[in-house]
Amino acid sequence: MVAAVLAIVRPAHAEDDKPELQRMRFVERGDDLTVSTLPPGGIGKLFDAHAYEALSTGIPSSVVIRIQITPRDSNDPVAEQLIQRSVVYDVWDEIYTLRLEQPDGSRTIKVKYRAEALKWLTAIDDLPVARLAVLPVEQVFVLKMVVELNPVSRETLAEVRRWLSQGNGGGLDRGGAFFGSFVSVFYNPKIADADRVLRIRSQPFYRAPP
Amino acid sequence: MRGRLMFALGALVALGAVRPAFAGQPAPPADPAAPAPAPAPGDAAAPQAPDPAPPAPSSPDDDALDDVAAVPRGDPDAPLHEDNEFGPLILIERIDITGNTATQTEIILRALPLGPGDVLHSSDRRLREARFKVLALGFFRDVSLTIHKGSQRGQVVIEVHVIERGTLVLNRLWFGTTSVSPWWVGSDIGERNLFGLGIAVGGGFIYARQATQDIPGGRDQYAAELRLADPSVLGTRWGASWAATLVHGSEPYRVSGDPGDTTPGSQRAFPYRRLGVRIGATYDLSALTRLSMGLRAEGIDATPPVAPIRQLPGGPAIAVDLHLDPGASRVVTASFGFDRDTRPDPILPHAGGHLVASAELGGTLLGGSYDFATIFGRYEHYWPVHGERHALAIKLSGGVVVGDAPRFDRIHIADVDRMLTPRALGLVLSTSAPLAILGTRADKPTYGDLGGSATVEYAFALFRGSGKQRVYGGDVFIGAGLWGLAEHADLRARDTGVFASLPIDIYADAGLRLDTDIGVFELTIANALGRLR
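In the order they appear, the protein sequences are chains A and R.
Quick note, my numbering runs 880 ahead of the 1-based positions in the first sequence.
Quick note, my numbering runs 3 ahead of the 1-based positions in the second sequence.
One or more hints might be untrue.
Using C-beta positions, here's what the derived DEER-type ranges look like [to be verified]:
| no. | chain 1 | residue 1 | chain 2 | residue 2 | range |
| --- | --- | --- | --- | --- | --- |
| 1 | R | 292 | A | 956 | 35 to 41 Å |
| 2 | R | 186 | A | 933 | 52 to 58 Å |
| 3 | R | 399 | A | 1089 | 56 to 62 Å |
| 4 | R | 399 | A | 1016 | 45 to 51 Å |
Dumping the calculated DSS-like pairs for lysine-lysine here, alpha-carbon to alpha-carbon at most 30 Å [stated by the list, open to error]:
| no. | chain 1 | residue 1 | chain 2 | residue 2 |
| --- | --- | --- | --- | --- |
| 5 | A | 999 | A | 898 |
| 6 | R | 152 | A | 990 |
| 7 | R | 152 | A | 999 |
| 8 | R | 136 | A | 925 |
| 9 | A | 992 | R | 152 |
Treat the hints as calculated values from the structure; they're not laboratory data.
In this text the structure is predicted, and so the values were computed from the model without any measurement.
C-beta atoms are modelled at their ideal positions from N, C-alpha and C, and glycine is treated no differently.
Turn these sequences into a full structure, and let the hints steer you where they fit.
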């Protein structure tokens, strides 16, 4: 049994947790550091064919981008950004309305084509990510990015799986519906906390001395 | 004209000729004043890439890549545009349900947070949540929504497409062997969506062979239970449940020897039969909080010995209170409960909490034979530590029984000590004494009025999967705690030191929990001990 579990464990871990190294372009603009992803990188792969088709269903889709800049050998961020982008399709006017929200403000735009909407949702192009003041010259940093498509709140996750912990209807037996036993077997679908998650890390970078 | 312009813009964007830029965010190549070109060490595309003393590796650092996984997700509960909807206003003309072959359409419609006639922005959170409200029924593998044009401009038809799944559940498997019961076997199964009506039906049966040569008066035991529940009556917040239980058992009690003595003759047993019905109602205060109330009527037919005694080792004989009226008696109770579960994942929890509290009142005024009250509570909370791979949990549970409660409503020692064989459908399957680890009171009661446990548990996320491998995740956990069980008489007087008289001890448990698409599995030390002692 243990061997079977371990056999499952390794591929599952590799499949889901491995971050992707992407080369990015960092530029100092005024007081800010901006970042752009470079081909063939980017976050476009967040959308597979199914997710891309879903943009036209009329149901809103959201992309949440969480960015951290940390010293190369540390997990303590010196700068963080939260960016949210949403899109909804108007079935009557046949246009896509996007809401782009980031720390320097939000804006709403409308585009005609799904490909345009995808471009706006996934563009990382000269995006301000940190004040230069927090990035000492010649210190090496990395940018870490977690991108989620249609993230689900913890409350919703709890609600969806609540039926699992509701007991078995009030008989004599006390205790939970499961784990009072060796095993509980049922068809057990599970929604993820997002439709898709990308974990990306940039190459190390540093500010050159003036 | 506007369409052509949009098409031209779209084509340009698609070709990459125009790059989207945020408000106030200039397109990078057009800014000749931009100083300090991209310091990207090792990046051939970066002009003026300096070559200073500080190391600036350009090759991927595999070890360092793991750091990315540790990026906190921030606040995942942060609302997205909750008060800032955008997109066109739409009027829901109709909702079409497709894909359901077993589940009644009405059940799905009731679960939706919107309905025909509603006017909302197309970015309304109810549209985003609708999928999860239907998934929360627990009847579907997947749910998808699509909006179609309605009969008039501005009106829409929402199509909800569901993919049904099997809703048969194996809740429990009972099996094991002890000195009292050479073998027992049983299971509890349920169907959560009977005839597609959203009604849950289930039942369990267990048979336990009794070692009658070791315990005079013992007999083979069996118990059965049948349950019926509607978690949402007519789509309201109210739920209803019904359960009937039959127990044909024999209850062991000690007549001589030390607590751990299992030699023949040290215990006796008496037969009993219980037949009970419980009806209940629930009310969902919120998606995560539920109130419950219930009534229980139970008939007990027992033939306990007239004056049971226990011969203490090297000492006098004392009377044993079996807490049961001889012959036929009745238990009639009313109960109230509260349940709040905020754990995003109740199977492999790393965050959130679960609070359960219940009170039950039984009395002759209700037509029963026993005047008593019980209060039970359980609280557990999980904190993620070091990112989301590790979690610490505190689990507290306890109860108090007041009055002349029947034996079966008292706290059994296996209710508080996880390293003992738990009762199954009310049957006692083992008389093993708890492990004496602390050196406290050796002769702890089998049934008590006051009991509980406090546990600290550490869990490590061994892996998480997307389900492609049929496995969602696995946790290794280790926990230890303190448990105690006492009769109120024990708390009034003692004939030894304080520590030696305390009816408490410790327990530990460790093991593996697996969440798979065919159910949940737990391999733990305590679970193994509970099947073998």
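To see whether the hints hold, each was checked on the structure:
A hinted range of 35 to 41 Å for the beta carbons of residue 292/R and residue 956/A is consistent with their spacing of about 37 Å. The hinted range of 52 to 58 Å is satisfied by residue 186/R and residue 933/A, whose Cβ atoms lie roughly 56 Å apart. The supplied range of 56 to 62 Å is met by residue 399/R and residue 1089/A, whose beta-carbon atoms lie about 58 Å from each other. Between residue 399/R and residue 1016/A the C-beta distance comes to about 48 Å, which sits within the given range of 45 to 51 Å.
The suggested pairing of residue 999/A with residue 898/A holds, with an alpha-carbon distance near 25 Å, which does not exceed 30 Å. Between residue 152/R and residue 990/A, the direct Cα distance comes to roughly 19 Å. Compliance with the 30 Å bound is thereby established for this hinted pair. For a cut-off of 30 Å, the pair hint linking residue 152/R to residue 999/A stands: about 26 Å separates their Cα positions. Annotation: proposed proximity of residue 136/R to residue 925/A holds, straight-line Cα distance about 28 Å (limit 30 Å).
About 17 Å separates the Cα atoms of residue 992/A and residue 152/R, which keeps this hinted pair within 30 Å; it holds.
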